[in-house]
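J.: Spelled out, the chains give:
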Amino acid sequence: MNTPAASMASAGLWTLAWRRLLRDRVGMVSLALVCGYLLIVIAAAAGIVAGDWAREAGVNYASPVFVGAGDSAPQAIAAVPAAPAVPSEPGIVDPLAGVLAELRQNLAAAPPEPPRAATLPLGGDKWGRDVLKKAVKGTETSMIVGLVAALLAVAIATVMGAYAGYYGGRIDDFLNWLYSVFTAIPYLLLVLAIAAVLNQKGTLTVILILGLTGWTGIFRLVRAEYIKHRSREYVLAADAVGASDAQRMFVHILPNVSHVVLVQLSLHVVLFIKMEVILSFLGFGVGVDTVSWGSMLNESQAELILGKWWQLAAATVAMAVLVTAFSLFTDALRDALDPRLK
Amino acid sequence: MSTPETLLTVRNLKVDFRLDDGAVLHAVRGVSFSVLADTTVALVGESGSGKSVSALAAMGLLPASNATVLPGSMIEYRGRDLLRLQPREMTALRGAEISMVFQEPMSSLNPVFSIGFQLIEVLEKHLGLRGRFARNRAIELLREVGIPDAPTRIDAYPHQLSGGQQQRVMIAMAIACEPRLLIADEPTTALDVTVQKQILALLAELQKKRRMAMLFITHDLGLVAQVADHVVVMRDGEVREQGAVADVFRAPQDTYTKALLACRPPLDRRPHRLPVVDDFLKAGAVVETAERQRGLRGDEDIVLEVRQLAKSFYFRESLLRQREFKALGNASFKLAKGKTLGVVGESGSGKTTMVLTLMRLIPASGGTVLFDGRDLLSLTPAQAMTYKRRIQIVFQNPYASLNPRFTAGQILLEPMRIHGIGATEVERVALAHELLRKTGLPETAFHKYPHAFSGGQRQRIAIARCLTMKPDVLVCDEAVSALDLSVQAQLLNLLQDLQDESGMSYIFISHDLAVVKYMSDTVMVMKDGEIVEMNDADALYRDPQQDYTRRLLAAVPGS
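Taken in sequence, the protein lines are chains Y and X.
Quick note: the first sequence uses numbering that gives the first Met the number 0, first residue 0, plus one each step.
Quick note: the second sequence uses numbering that gives the first Met the number 0, first residue 0, plus one each step.
Rather than coming from a laboratory, the hints here were simulated on the basis of the structure.
All values reported here derive from a predicted model rather than from experimental measurement.
Backbone N, C-alpha and C fix where the C-beta goes; we use that ideal spot for every residue, glycine too.
Each statement offered as a hint is correct.
Part of the chain X face toward chain Y, derived, beta carbon under 8 Å:
| id | residue |
| --- | --- |
| 1 | 360 |
| 2 | 384 |
| 3 | 387 |
| 4 | 392 |
| 5 | 394 |
| 6 | 399 |
| 7 | 401 |
| 8 | 402 |
| 9 | 448 |
| 10 | 468 |
Over the 12 Å line for every Cβ pair with chain Y, so calculated as not near, a few chain X residues:
| id | residue |
| --- | --- |
| 11 | 93 |
| 12 | 271 |
| 13 | 422 |
| 14 | 493 |
| 15 | 555 |
Distance ranges between label pairs, derived from CB positions:
| id | chain 1 | residue 1 | chain 2 | residue 2 | range |
| --- | --- | --- | --- | --- | --- |
| 16 | Y | 230 | X | 208 | 40 to 46 Å |
| 17 | Y | 226 | X | 60 | 31 to 37 Å |
| 18 | Y | 18 | X | 500 | 37 to 43 Å |
| 19 | X | 95 | Y | 173 | 54 to 60 Å |
Starting from the given sequences, assemble the full structure and let the hints guide the process.
T.: Structure representation (structure tokens):
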């Protein structure tokens, strides 16, 4: 019985928007790119790819394959010098002799370190870690930070905007005051303050910093939408049939303002990915045990002086492609959700 | 006497619109008519008939992005083919020879410039007048369109003028360059009846005095007799009938024209059922002649009693001072069971405020609303829930009163879930289907979203939503005002059938006095938040006691 009912149904507004999006060629290409990145993120998070990004697979500053080994040819790593024969001086007993002997034995027993490659697909960093794998792993960190922080910011902003716009009056005054306080503090100062309060480095910290500081603009937009919608007849009609305030706010109005929320979410993912880079560059980013595009850029500062440009290039290209694709997708999304704006 | 010159000839005009989903809408399919100098031609039709599109095509104002005028169409103005003109030539022609008055004066005037500035701009651009000359000419024009105290008012901003005055300014701008042809697209639709009458008189007077031709576009056949010499009746992009106004009104040839003339509620009779277009299109259908009895005997049960209901809005003027605006003052009335109370009044008279207040949709400033012996206004929100479902409302704008993200089925199920109507979900779905059928909607409507329905169908969904709660009182706040005449007749029939069947009481609000008279047992006239007069419907229309009521009645088109 379900199937005939479904075929009789008219397409909902979401379906119509999806069809408009399907017709937008630029939008679809950028969506495919974004999906590609997401797949990489999932694969990296599951450990299928780039799980061993921290392994020192190449020589220090290994060149990318397409550049060739060239002048950065590795100085052959000197083999571990054999233990010098200890002159046996009578009377002097080496107190560490036993320990050293054990260490030597262990080293000899351990499998020999695999030979380090002279070149890597996209080159290596200071410790010879594979830049390609770092970029992939960095994609995971950066996108998770961008997505989760944007979700957090949008969630905070939507709930606050809904209350402020729907109820107005005192609640609106209070939330606006909060908004003013947050926007009155210089941004970096605010970031520093929150970082100081959280007092630890890590992905979660970055997400919290971005989410807790980034809701302000979305809040104003959502609030304005709610003010516009609260006096619409369909909301009045919902009141007349007995729907509660919460039902009117989140069941009736929210789906009608969700296109604004969705576009803001998409915009903020891009914004937060860029912000993460800036934060990492400033040293408030993710910890040393993980890698993000921001920390890669931070490292490449020193490398550039030595002429090692590949880490910078890899992080920049990975980020630029995603940010451009995501921005174009956001534009297409906006056009599809609100065709009157075009 | 020589035959008058033909100003505008439209021949075989075809216009296609490309829709969002790639489909093509044939908005105008081969329309031909002509406008002679010094006459008024009325283009009449319901929404979607192509009347406005035809006029926009003549002005060269169709949106270039998705509208195409098909080859073979011809629009000729005094021997020049308008479809072949360069955009620059067309612009020059538009200002000087042909001009246009639109429906919404509020959105046609720029709110940040004074009306004088906007009027002078037209004079400077098209007539090359400068400085004092332009200003003096602007004052003359304002005087001509009946703006009182023109030398001072010229510096007023649009929001300082009433809707009628704004439309007068728009007309002044349109006639500033002494056009030979004035196109008026629903110029009075957004205005109250008394203002509408003045604007129509002004247009007719200007047309005579300036010897202009006028193309008057309207959905209201009642207006046509008042202003036009020649009428073109359109439907679905085609001309159904055209001829001299007197002939068409006396002896309409086309079935559709006949139906349009018949489905408007008459002021002098009260047929049991209004004829609808289908009645005429079906051959051999019998038009009912039975009359319906309306009016109170005096011994009916009272379902709702409103006493001294008042509502004030406050505007903060400064930190400490508030200005009070009395939207409703001391309204008292009784509503009899199974009867209809009609409410008429111009915009801003407090009609809607009154019903929203008595339904607790906005808080009241004072008074009592007795329902079942309890004062609804003094109940707590939780206590009021049980009464809430028993007074329901159908709003004016069917495009705004249904949540666009809900299917018709969800819209009907929601109130049942909230009030616990129907024991199981299956039962509720069955009831929803039954109500859709009862309100004349197809079964398939259940799964469709509001945007898939026409205005009339949406209003049926809104009515069905109210019926889910089996209300004792149904408030219809301009419920049929936004609909086409033929659809309006169908809905009025539906409302009467429902009342006959269930014995609901109606509070029927409308600015259309003919519709209110047709539907009501008692009629209340409101002005500036006060009840001016209340009487039995027939008695009030036959013998109005108040000046204001008399003025309202005199302004009814076609009376």
